[in-house]
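Chains as they are written, first to last, in this note's numbering: chain A, 69 to 443; chain B, 69 to 443; chain C, 69 to 443; chain D, 69 to 443.
Hints are supplied without guarantee of correctness; some may be wrong.
[Claimed, not checked] In silico BS3-like pairs for lysine-lysine, Cα to Cα no more than 30 Å straight-line:
| # | chain 1 | residue 1 | chain 2 | residue 2 |
| --- | --- | --- | --- | --- |
| 1 | B | K105 | C | K321 |
| 2 | A | K424 | C | K430 |
| 3 | B | K142 | A | K139 |
| 4 | A | K142 | B | K105 |
| 5 | D | K297 | C | K396 |
| 6 | D | K139 | C | K424 |
| 7 | D | K367 | C | K297 |
| 8 | A | K424 | C | K167 |
| 9 | B | K105 | A | K284 |
| 10 | B | K297 | A | K368 |
| 11 | D | K139 | C | K297 |
| 12 | C | K167 | D | K297 |
[Claimed, not checked] Facing chain D, a subset of chain A residues (Cβ under 8 Å, in silico):
| # | residue |
| --- | --- |
| 13 | V78 |
| 14 | K82 |
| 15 | L85 |
Think of the hints as simulated: they come from the structure by calculation, not from any bench. Glycine included, every Cβ here is placed at the ideal spot set by N, Cα and C.
For reference, the chains in residue letters:
4 protein chains.
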Amino acid sequence: MHVGPVTIDVDVLKEGLRGDVGFTSREFVEAFQYSLKAMRRLFNAKPNDQPFIIPGGGTSAMESVTSLLRKGDKVLVVSNGVFGDRWEAILSRYPVTVKVLRAEPGDYVSPDIIEEELKREKYTAVTMTHVETSTGIREPIYEVAKRVRSLVDLIVVDGVSSVSAEETKLENIDVFLTASQKALGTPPGAGLLMLSENAVNRLSDDSVAGYYLNLKNWLPVMRSMEEGKGSYFATPPVHLILMLAKSFQLIEKEGLENRVKRHARISQAIRAGIEGMGLSIVAKRPEAYSNTVTGVLVKKVNPAQVLQEMNNSGIELAPGVHPALAGKYFRIGHMGWVNENDAIATIATLERVLYKLGEPVKLGEGLKATQLQLA
Amino acid sequence: MHVGPVTIDVDVLKEGLRGDVGFTSREFVEAFQYSLKAMRRLFNAKPNDQPFIIPGGGTSAMESVTSLLRKGDKVLVVSNGVFGDRWEAILSRYPVTVKVLRAEPGDYVSPDIIEEELKREKYTAVTMTHVETSTGIREPIYEVAKRVRSLVDLIVVDGVSSVSAEETKLENIDVFLTASQKALGTPPGAGLLMLSENAVNRLSDDSVAGYYLNLKNWLPVMRSMEEGKGSYFATPPVHLILMLAKSFQLIEKEGLENRVKRHARISQAIRAGIEGMGLSIVAKRPEAYSNTVTGVLVKKVNPAQVLQEMNNSGIELAPGVHPALAGKYFRIGHMGWVNENDAIATIATLERVLYKLGEPVKLGEGLKATQLQLA
Amino acid sequence: MHVGPVTIDVDVLKEGLRGDVGFTSREFVEAFQYSLKAMRRLFNAKPNDQPFIIPGGGTSAMESVTSLLRKGDKVLVVSNGVFGDRWEAILSRYPVTVKVLRAEPGDYVSPDIIEEELKREKYTAVTMTHVETSTGIREPIYEVAKRVRSLVDLIVVDGVSSVSAEETKLENIDVFLTASQKALGTPPGAGLLMLSENAVNRLSDDSVAGYYLNLKNWLPVMRSMEEGKGSYFATPPVHLILMLAKSFQLIEKEGLENRVKRHARISQAIRAGIEGMGLSIVAKRPEAYSNTVTGVLVKKVNPAQVLQEMNNSGIELAPGVHPALAGKYFRIGHMGWVNENDAIATIATLERVLYKLGEPVKLGEGLKATQLQLA
Amino acid sequence: MHVGPVTIDVDVLKEGLRGDVGFTSREFVEAFQYSLKAMRRLFNAKPNDQPFIIPGGGTSAMESVTSLLRKGDKVLVVSNGVFGDRWEAILSRYPVTVKVLRAEPGDYVSPDIIEEELKREKYTAVTMTHVETSTGIREPIYEVAKRVRSLVDLIVVDGVSSVSAEETKLENIDVFLTASQKALGTPPGAGLLMLSENAVNRLSDDSVAGYYLNLKNWLPVMRSMEEGKGSYFATPPVHLILMLAKSFQLIEKEGLENRVKRHARISQAIRAGIEGMGLSIVAKRPEAYSNTVTGVLVKKVNPAQVLQEMNNSGIELAPGVHPALAGKYFRIGHMGWVNENDAIATIATLERVLYKLGEPVKLGEGLKATQLQLA
């Protein structure tokens with residue numbers, strides 16, 4: 069129940085058990101082709117939109133957005149926490165201007181404030197974090213995108229903790245990025261980006277981007293691979309892409325709609341359990357709840373000790389990393405192949421651990437609330 | 069017998085079969101720690117030298133060298149082929165000046181020429197490619213490094229196709245980089261760099277580097293991991309590092325000296341076979357031969373057809389990619405866990421394929437030469 | 069949560085991923101040697117006692133006991149259910165005489181009755197089933213063995229559903245047998261037997277046994293393997309034994325005492341949940357409870373439907389197979405690597421399934437009882 | 069290059085990586101069903117013929133033939149070596165009469181002699197070994213079967229080292245048996261038998277067979293499984309059958325005819341190499357050659373030392389086990405997924421090893437003969 073890398077299905081892992089597969093092999097090219105086409109379906113993309121799968125992860129995918137920026141461009145960063153702030157850390161290494169809108173801990177930046185700022189001043193791009201991994205806060209990205217579409221050239225969404233677990237579509241968005249090791253349920257090693265036609269058209273030699281993370285260099289590879297032809301720019305993570313293709317197969321077997329519903333159902337059950345045992349959630353209001361990450365505030369015990377005890381009981385949770393809430397919370401990840409048993413086992417173990425450590429919880433009440441939510 | 073990704077031992081692959089391992093897990097941290105310490109031993113490094121393992125591969129490791137460069141720095145690139153030229157392509161995206169010394173196809177840039185240029189003009193850094201993957205040419209890097217040590221601040225070696233298969237040591241070198249999927253025998257997904265103390269001291273916020281490939285950002289992670297403590301900058305390729313640690317174990321079990329000898333022995337046997345059947349090698353003189361890649365010139369047949377037929381017989385070779393020799397050669401990779409049987413099977417199949425396609429070879433003669441070399 | 073094959077650790081499964089290992093290979097011989105020595109430790113055996121690992125499973129291990137019987141021998145079978153009765157089915161194919169003592173459903177044959185029968189008439193052997201898989205009933209084998217030790221030549225225990233999960237020792241017992249796929253946590257494919265010195269001495273060409281299941285034929289193989297020397301009688305299940313050795317390693321890491329305690333703790337939690345939700349257990353009194361299998365009686369619903377719905381929720385239970393209770397119960401297996409999360413998830417899902425199917429259960433109450441038992 | 073267990077494809081092994089699959093699971097039942105149907109196709113069986121897959125291996129499959137014999141039956145055993153003699157060892161444990169016809173070492177029992185004996189005296193059954201694993205001798209079973217069909221009730225063939233590598237069909241044969249770990253390319257753990265309608269009709273409670281290896285007990289399981297319905301008699305080797313189904317898939321993809329041709333081609337190349345380097349083959353005449361096993365006679369060196377040195381070079385051969393030729397030969401197995409590279413590598417290594425040990429061989433000549441045979 070970590071926020072990522074998540075638990076991975078053995079059927080996915082088995083695809084990596086290949087000792088003799090090169091980047092020109094038929095199997096690899098087919099897996100790459102399948103994955104790109106699956107991305108198109110997942111994001112309900114139009115033919116001129118363009119999927120990318122590049123080595124690295126979420127942060128490298130974020131940095132590759134520099135392929136769309138030119139010297140002097142202005143970027144508005146909408147930050148609900150640590151990973152929102154990361155956009156600023158990345159972009160400040162490049163000759164572009166950055167302004168950050170920050171939310172209060174437990175809340176998201178409201179669409180009104182974003183729209184206002186974009187009306188106030190002209191920006192090339194705005195970035196948003198769909199689900200802020202550090203707190204579990206969800207930004208209403210589709211509403212924002214609709215309202216600011218005409219005000220800004222590029223709308224960029226970090227979907228690292230949302231893609232395939234929250235509503236996923238490229239509508240009004242130019243870059244929707246994620247990483248292999250989150251809700252897609254593959255080991256870490258690749259960043260995935262879906263670009264709108266508008267974004268693809270901005271790829272040029274004049275961007276501020278470097279070489280390896282420059283999407284322009286990867287574009288011909290993506291096009292060849294999607295046509296089923298091998299191509300080389302730099303060595304791709306061959307085994308990982310064999311696994312990723314399997315993950316996409318499993319995702320399509322479940323169906324995006326069912327998948328989002330399942331994540332919603334499990335997250336509700338977990339929140340019910342948390343509240344049932346008498347604890348509070350970091351997200352201050354239901355609109356900010358996410359399907360994938362729940363921040364849990366504790367009153368008395370040390371969150372680090374909770375994580376340690378949970379680990380000893382076989383359940384790995386994630387520490388709280390938002391500086392403003394340091395030492396006050398921990399996080400439960402619930403994405404990928406999570407199911408009802410995971411929710412029940414997590415709440416049961418958490419109850420016992422908190423009880424043992426002296427946090428005032430009533431044994432069995434959180435569990436009952438989760439059970440009633442699931443029934 | 070590809071130039072990379074190479075054939076991977078199933079014992080290495082099995083380490084990746086973990087569904088539940090996060091980047092804070094004890095097993096991952098221990099695998100990372102072991103790999104960093106193994107790098108120190110492999111390169112015979114001093115305590116203040118610093119190993120790095122970062123996501124990506126050879127090209128990203130090359131680009132991360134920008135972490136050591138400042139605006140306006142001058143870099144001399146010694147290029148023996150496609151991957152030497154890549155340094156120019158990467159560095160030209162950054163505000164540094166680049167000059168390239170290019171070798172004739174089939175030869176390397178002589179130490180005299182390099183020394184002369186570095187005496188003629190002051191450069192911050194010189195880059196060399198230990199074994200040029202595109203042609204199989206080996207540069208005498210240790211001789212060059214010794215001769216130019218006092219003339220230049222940073223001596224950078226691309227050891228992608230050499231580390232652990234050719235003599236490997238940090239002597240007089242500031243950056244020695246490689247990738248997981250070459251002679252180390254792990255799937256692709258990580259770049260590895262060994263930095264001298266001198267290089268580590270140059271890491272600063274003033275470098276021209278971006279964010280994800282900026283070694284300064286990864287330095288605290290490497291130091292924590294080597295101390296056995298988890299740490300986070302961006303999600304590492306967890307499963308890959310579990311596999312890499314296993315590869316290092318196998319490498320240490322064999323011993324570096326034995327490993328280099330084995331590669332030398334197999335490469336000699338392959339060259340004997342090639343010449344025995346009447347073909348020539350791209351490398352023009354024995355000093356340019358490498359232990360890891362052999363370029364093979366054909367007279368009559370189409371190299372692409374040779375590769376296709378070899379593939380049908382279960383042996384994957386690599387195409388020739390040096391533009392000056394386009395359509396005239398193909399490559400045999402012989403790195404990682406190659407053994408005598410691989411050499412024999414490759415030469416045998418190659419003889420039969422070339423014979424069938426009409427190249428003038430004498431059946432059995434190449435094979436006999438390989439056998440006599442091995443006996 | 070099946071009664072077997074149980075859930076298997078991926079670390080065990082990975083040991084079978086060997087494409088090139090023959091029955092004379094060092095690794096196989098070492099795995100066999102390790103497994104035999106681990107059996108000695110598990111059963112606290114004396115030097116002249118003898119472990120056997122033979123192809124097949126529980127039934128073949130039972131049949132191999134014919135290696136100790138001669139024409140005309142009399143065997144007393146103590147049967148608490150289907151697998152007790154199996155002794156009669158097996159032995160009736162051989163020229164020996166069999167008498168069966170049968171327990172009431174939900175109970176075991178009392179030590180008094182067994183002792184009385186053995187006093188009344190002279191038998192060569194008595195067989196008991198430690199835990200009767202068909203009902204989850206445990207026989208007090210150590211008490212019986214102590215009381216009848218002087219009355220009978222051979223005391224034989226079927227420990228298929230008990231070894232390593234209930235108290236396991238060869239004390240006063242001549243043959244203690246099990247199968248790889250039960251509490252040992254390895255895939256099915258091998259039967260394991262621990263023979264006392266007394267039993268080993270009875271192995272002779274005069275037995276009624278056939279050839280393949282004749283322990284006399286396997287004895288020299290076992291002795292060679294334990295000395296680390298390859299030996300052949302018939303091809304052993306090579307990959308399975310590599311896995312079995314890993315299972316024994318994991319078992320020794322946990323320790324037998326801890327392992328039995330864990331099974332006891334989980335079985336208590338499951339029984340608490342069953343009773344908490346208002347259902348009854350097949351075993352009529354606590355002395356008959358086992359650590360590994362719980363039979364659950366339902367009042368209203370069809371057990372087959374319960375199993376079907378449980379399966380759909382990802383938890384596989386086992387059908388009731390005792391003819392006297394046909395259609396009235398199902399079974400929960402809790403052996404191998406079961407933990408608290410398994411107990412919680414099983415009870416939670418069972419509650420929801422039974423509730424949905426119309427069995428009168430109070431949602432959350434069984435779960436709470438399990439949680440309190442575990443806290 | 070062992071005579072079994074043979075080298076196993078990783079795609080087959082991966083199928084066994086299942087931690088949660090029971091013997092009632094849909095996947096297992098489907099794999100069993102597929103395997104049984106594939107057996108029918110492999111043997112070109114008629115609808116009333118019956119395939120069996122039972123735990124164990126070749127020897128247990130042989131012993132299960134007792135299911136067809138009644139007290140007092142007479143069996144003629146045609147033995148070309150160790151595994152022919154094994155029939156006698158097995159059957160002598162049962163109340164039937166056995167007579168053995170033995171061939172000279174290096175030869176097979178001629179059809180004339182068999183026919184003559186069956187005319188001379190009435191036998192219930194005759195057994196033959198298609199390819200005698202201990203020597204590599206092939207018996208002309210189809211000719212014999214045709215000639216003696218009317219003289220005997222049951223014609224039984226041990227196809228352990230032949231099925232799918234030599235011509236495979238049930239024509240005029242009543243029982244054709246093999247084991248999973250031979251040319252089928254699956255790990256050891258199962259015996260496979262194809263029974264004619266005539267043989268199926270003989271299954272009765274009156275047979276001399278025991279319980280576990282009694283085909284009558286397994287018959288309802290085979291019928292249920294083939295209809296896609298789970299069934300239980302004793303726990304089958306679940307994981308092995310998942311792998312076996314994959315092997316059958318790969319076999320059907322290649323096609324039986326191609327598969328037999330490939331085995332023939334590789335065996336010819338190996339024999340050419342052996343003779344090319346100046347050694348002799350155990351089989352005295354070409355009619356006795358098999359596609360799967362070649363016995364190699366040495367003049368000067370100790371075969372055990374040859375095997376040891378081969379092992380050190382990464383190629384496992386098998387010792388000679390025929391008592392009459394003890395210390396004079398070793399065996400090369402070439403079944404399963406053997407290819408041209410295996411033949412070349414085996415001959416090359418063997419040449420070097422024999423040369424090094426002092427056997428008079430001419431380096432490169434055996435290899436050249438193999439190469440010319442393959443070209």
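So, going through the hints one by one against the coordinates:
Of the pairs offered as hints, the one joining K105/B and K321/C holds, with about 28 Å between alpha carbons and a cut-off of 30 Å not exceeded. Under the criterion of a C-alpha separation no larger than 30 Å, the hint pairing K424/A with K430/C is consistent with the structure, at around 27 Å. Between K142/B and K139/A, the direct Cα distance comes to roughly 23 Å. Compliance with the 30 Å bound is thereby established for this hinted pair. Taken as a hint, the K142/A and K105/B pair is broken in the structure, with Cα atoms around 43 Å apart against an allowance of 30 Å.
With a C-alpha separation of about 22 Å, the suggested pair K297/D and K396/C falls inside the 30 Å cut-off, and the hint holds. With a C-alpha separation of about 57 Å, the suggested pair K139/D and K424/C falls outside the 30 Å cut-off, and the hint is violated. As the CA atoms of K367/D and K297/C are separated by approximately 27 Å, the hinted pair is consistent with the 30 Å bound. As the CA atoms of K424/A and K167/C are separated by approximately 54 Å, the hinted pair breaks the 30 Å bound.
At roughly 37 Å between alpha-carbon atoms, K105/B and K284/A are farther apart than 30 Å, so this suggested pair is violated. At roughly 26 Å between alpha-carbon atoms, K297/B and K368/A fall within 30 Å of each other, so this suggested pair holds. At roughly 39 Å between alpha-carbon atoms, K139/D and K297/C are farther apart than 30 Å, so this suggested pair is violated. Of the pairs offered as hints, the one joining K167/C and K297/D is violated, with about 35 Å between alpha carbons and a cut-off of 30 Å exceeded.
For the restraint placing V78/A at the interface with chain D, the shortest Cβ-Cβ distance is roughly 6 Å, inside the 8 Å limit, so the hint holds. The criterion of a C-beta within 8 Å of any C-beta in chain D is met by K82/A, whose closest approach is roughly 5 Å, and the hint holds. A hinted interface residue such as L85/A counts as satisfied when its beta carbon comes closer than 8 Å to some beta carbon of chain D; here the least separation is about 6 Å, so the hint holds.
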